[in-house]
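A.B. asks: Residue numbers (this note's numbering), protein chains in the order written: chain A, 1 to 156; chain B, 1 to 271; chain C, 1 to 264.
Hints in this document: simulated from the structure, not taken from any laboratory.
Keep in mind that the hints are not guaranteed to be accurate.
One-sided excerpt, in silico: chain B residues whose CB lies under 8 Å from chain C [stated by the list, open to error]: (1) GLY53; (2) GLN55; (3) LYS57; (4) TYR79; (5) MET85; (6) MET87; (7) ALA93; (8) PHE95; (9) ARG186.
Given the structure is predicted, the values throughout are model-derived calculations rather than measurements.
Using N, Cα and C, we set each Cβ at its ideal position, and we do this for glycine too.
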Amino acid sequence: MNRTTLDLWVGFFVAVGIGSLLFLALKVGNLASSSTGETYSLQAEFDNIGGLKVRAPVKSAGVVVGRVTEVRFDPESYRAVVAMSIDERYKFPRDTILTINTSGILGEQYIGFEVGGDTEMLADGQTVKKTQSAVVLEKLISQFMFNKAQEDGAKK
Amino acid sequence: MSPEPLVKLTDVNFAYNQRAVLKGINMTIPRGKVVAIMGLSGCGKTTTLRLIGGQLKATSGEVRVAGQDLGKLDNKGLYALRRRMGMLFQFGALFTDMSVYDNVAFAMREHTDLPDELIRDMVMMKLHAVGLRAAHNLMPAELSGGMARRVALARAIALDPLLIMYDEPFAGLDPISLSVIGELIRTLNDALGISSVIVTHDIQESLKIVDYVYFVSEGRIVAEGTPDDIRHSAEPYVHQFVWGEADGPVSFHYPAPAYGEQIYREAPRGR
Amino acid sequence: MGDSLITALRGLGRRVTDRVWRLGFASRFLLTTILYSGTALRRFHLTIREIYFTGVLSLIIILVSGLFVGMVLGLQGYDTLQRYGSSEALGILVALSLVRELGPVVAALLFASRAGSAITAEIGLMKATEQLSAMEMMAVHPIARVVAPRFWAGVISMPLLAALFSAMGIFGGYLVGVQLIGVDEGSFWSQMQASVDFREDIINGVIKSFVFGIIISWIAVFEGYDCEPTAEGVSGATTRTVVTSSLAILAADFFLTAIMFRGT
């Protein structure tokens, strides 16, 4: 096996190997769509974040526009503080409401942006005031049972 | 004032894992001479060779090669010294993944920046000296034992060393190859003006070509002298060795209790 | 009775200390190999030659195994998922299983058996036939010339082979799932893309295969260099390479997975 044939095969091997890495990164993974571009950060306070995790998506109109970067507890206000990084291309009005939604019935949780009509946009580092906490399943059930009991009581 | 010998061992002791292998060795290899180290297997001959080559470090005593004390050399110095030594291993130890040509050219390519044409000339010259110029394209697996050893010899002289060490160069060869190797060792030594050390237990071939002999038994030098001295030596160990006697200082029987006792006292095996 | 117990304990203790001593020796050997890697990097064609023998010659077994593993994942995955009506998640199942675990681990096990054992046998044989000694006596450091190129070739080849295994596996899963069984092609790929995260899954998989590459190459060159210079010594060393590498890979996989995929 002479040098040139050897080099050819090794070059082919490395090329195919890197090619499959690229295939995995772009076609299988989400490298192409994940934001490698510029982002700006926003913060929001919630009474209850439910099962929201770091790296959960931030969606507006169902499209991913950012990611949750940090989840903290504020010992003074006793609320959860969530930090997000949003794609630089998308700006949202100051009166946007942040909600914590669940994808599907038992899926993972994400932050949804419901835009308002304010002309001023949220800037880097600002805190969003209007938030809606996550729906806790137990509260929902106990509420349902309470309502049901009240209904039955009223009927009698 | 005689010139300093190429190799000088003074009161060298070597122990391995608390077992003393060499005790109080004093040896001199003068320039331009062929010296043989003889003895039974396991007596310490190959260890002596490794001490000279720096593969082992003496426990005490001094090993001087080309005026340098091996015990005081650092790694760089040792490797620099080795470039001036050549070694022929017992079965050639050719690099099996390279051709004969690449084997001989190995040291040249690793240690020099010579252009390919010059290397080619030198390789062909060395192969011609051992009579194998036409075999340069063969792979080591295609060579016979004798040929492999000759190629290894060509490889050992590739950079014109000062000293060549031979580890059992005659072992396992047919009569023709035996005398070929023997002649080559002597001719090369005289032609290149170098020194050679042969570790062997082949009496016939070595006494024909060497200038001086050291006899080693159980880690000590029991006899030394010119081939004639050795042939006419009265020392019992040397005599047994040279004349190939079955019994003598080296006894025929492996140590065991008296025969009679073992036959009558011990119970038979099996059943 | 007390005597034999004491002897047994002593024997156990000695075996443990022998192993620890050998591990220390192996670590020093690894350090020496890395320190002497200058030649392997400066004369890169030496390393390229070894990449051919470890990487290129392992291509067939890696690609074929990857294909079959992916196809089996497709079959088994579909069988389980369709019971819960989630058969469109097949793409996610195949991709994540391969990229996170099966790709790096199985490719590493195959690499250890094929390339690792070959490296050990080669170096061991060179030791047994005194070729390493001969090289030393010609003032060429055997670790720099023989060991280091093989070590780096293994480290470079392993991540590439693991990626190839995963890619082939996903293709195999696609063949069985979409072409054979009839899962929707669109959901297969889109769900996969939505769930496989580049940083969490793919990069971690690459890191794993890189670590495995170091482990296998280290064990392979060490066992070869340290073996008894006899025929039995070489064969014993080859077996040890495969067994020790396999165990080390599985153990390392556990630790890496625990660190990387905590609470996802």
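A.B. asks: Work down the list of hints and note, for each, if the structure agrees.
C.D. replies: Quick rundown of the hints versus the structure:
no.: 1; hint: GLY53; result: holds (6 Å)
no.: 2; hint: GLN55; result: holds (7 Å)
no.: 3; hint: LYS57; result: violated (14 Å)
no.: 4; hint: TYR79; result: holds (4 Å)
no.: 5; hint: MET85; result: holds (7 Å)
no.: 6; hint: MET87; result: holds (4 Å)
no.: 7; hint: ALA93; result: holds (4 Å)
no.: 8; hint: PHE95; result: holds (6 Å)
no.: 9; hint: ARG186; result: violated (22 Å)
Checked against the numbered hints above, the structure breaks hints 3 and 9 and satisfies the rest.
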